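Guided by the hints, dock chain B onto chain A, whose structure is given.
Chains A and B are the protein sequences, given in the same order.
Okay, so the first sequence: first residue is 1 according to our numbering, each after it adds one.
Okay, so the second sequence: first residue is 1 according to our numbering, each after it adds one.
Certain hints may be false.
To be verified - The list that follows gives simulated cross-link-like pairs (lysine-lysine, DSS-like), each with its CA atoms no further than 27 Å apart: (1) A:LYS89 <-> A:LYS15; (2) B:LYS298 <-> A:LYS15; (3) A:LYS89 <-> B:LYS51; (4) B:LYS307 <-> A:LYS89; (5) B:LYS218 <-> A:LYS15; (6) B:LYS218 <-> A:LYS3; (7) A:LYS3 <-> A:LYS89; (8) B:LYS218 <-> A:LYS89.
Worth flagging that the hints you see were computed from the coordinates, not collected in a lab.
All of these numbers come straight from a predicted model, not from anything done at the bench.
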Amino acid sequence: MPKLYDLAHCRAGDKGNTSILSVIAYRDEDYPTLARALTVDAVRAHLAGIVHGEIRRFELPHLSALQFVCEGALAGGVTTSLAMDAHGKTLSYALLAMEI
Amino acid sequence: MRSLRIGSGAGFSGDRLDAAVELAQRGELDWLALECLAERTIALAQLRRRKDEGSGYDPQLHRRMHALLPIVTRSGTRLITNMGAANPLAAGRAVIEIARALRLDITVAVVSGDDVLAQLDDRLPAMESGVALAHYAPIVSANAYLGVDAILPAIATGADVIITGRVADPSLFVAPILHHFGWRADDWDHVAHATSIGHLLECAGQLCGGYFADPGRKDVPDMARLGFPFADVHDGAPAVLGKVDGTGGCITLATAKEQLLYEVTDPFGYVTPDVIADFSRVELRAIGPDRVSVAGAKASGRPERLKVSVGYVAGFIGEGEIAYAGPNALARAELAARIIRERVQDRFEELRIDLIGASSLHGRALDPYARSYEVRLRVAARAQTAEQAAVVGEEVEALYTNGPAGGGGARRNVVEQVGIVSALIARDQVTPSVTVLDTVTHAEAV
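Excised from the complex, chain A in its bound form:
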């Protein structure tokens, strides 16, 4: 099965206890595939144990991109978390490991 990593690049950002994952298709023609495969449920299942709150998905066909706003993903929030990667910067590659 192809991995998301083969079709898209991703960057993680943070706000409080929320991780923001931008998924951007390398090729515009792959955007519909991403939009079909990366449902909120599929992403929630893939990131089980990492994201504990609600996930919102924004569709950005203009940019061939999807934006996932994942609440409860940063062990309480950047400024007080005991986690190694308090900002969740590495979560972009956790998502890219997803099989689609």
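For chain B alone, kept in the frame of chain A given last:
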């Protein structure tokens, strides 16, 4: 109307100075913006100011200004920065002192008024939890995110250097753009356009392939000499993102898309003090080597209230680490984890044990069979005092003679924690002001 070129010379407090110097020297800039304030920086700066009333601004201010002031004064580039942090006026005075030492004649305009600690109502709910701010005691800082309406009067003084405390990061770019073109602060589409440019530039190197490279997949040339970006802003035409020829890195559609969406919790409604901007229909076009044009951000208004970032003392975090390698490394690290847990878990409310190289970042679910040659045990716990936090490192170090075989490279440290929560306050609760300082008369006019 002549176009405007604005450059980005820092994306965080500790950012590279060599790239900023190269951009200032060779970028032919009208404006250079330095964004140096992370969410927590200002609270830490406020703690420093409590100990020394003349401090509380960015510790890199002296180094940056010594390097950049001679260049920007020669080229007529105006400089704007939030390096004022918790003490913008002291930062302004420090810039004047540096300029005098360098025999440069400049004026500095300082934007104050973001510090709202004195008038903060601690019954307000924290946006993150809904719990009243009073719960997060002791509060050490409260700074409102100011926007262009606070910065524009400082720019209008004609000062060479603008120093602010907490302002929204894009506003450092939006204010010079509005001023240059005479766009009004309620000309929403123009403010949204300027905000999209500011957002693309505010992390400096990240637009130029920094935080982007992935060998064989997303290759970025000459990263060691990664350049910092600028934007050429035009009236009635798309802005063009670029960087100085010959610097490292690259500006492509892909780097621009990653940066446009970076940390945006709602691409249809990106909120700053200046605007609620819709980035969903932004047009990015690659129009040449390291040149991407940007247009199409829209807006119909700005938020009624301002966001306030509230810092509070959150105790101490103690950490300890020790490494295992070779045959059965993971099992020995796991044994060490069990030993530590049994020895200290009753003494800490919140204890975390990670196996670096196996499961410290994403747990085990995504790669359950991973076996690394080396594994590093990391223990972290929160404590009320530094002494108690130090116990974590002491116990990890004790694994040398009281733990599994072959542990090495133990390290420990204790860090004071400042937590941050946010709240919303009415705009009329905030009263920004501008103070102008100059090297010649040493007068300070408000």
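_Check the hint pairing B:LYS218 with A:LYS89 against an upper bound of 27 Å on the C-alpha distance._
The hint holds at about 17 Å.
*Straight-line Cα separation of A:LYS89 and A:LYS15 no greater than 27 Å?*
11 Å, holds
*For the pair we were handed, A:LYS3 and A:LYS89, check the Cα-Cα distance against 27 Å.*
Judged against 27 Å, a Cα distance of about 20 Å means the pair holds.
*If you draw a straight line from the CA of B:LYS218 to the CA of A:LYS15, is it 27 Å or shorter?*
Judged against 27 Å, a Cα distance of about 26 Å means the pair holds.
_Given pair status - A:LYS3, B:LYS218, alpha carbons within 27 Å_ = Satisfied, since the Cα-Cα distance of roughly 16 Å is no more than 27 Å.
*When you check the alpha-carbon spacing of B:LYS298 and A:LYS15, does it fall within 27 Å?*
23 Å, holds
*Quick one, are A:LYS89 and B:LYS51 close enough, alpha carbons at most 27 Å?*
Given pair A:LYS89, B:LYS51 is violated - Cα atoms ~33 Å apart, limit 27 Å.
*Between B:LYS307 and A:LYS89, does the CA-CA distance stay at or below 27 Å?*
24 Å, holds
Of the hints listed earlier, the one the structure fails to meet is number 3.
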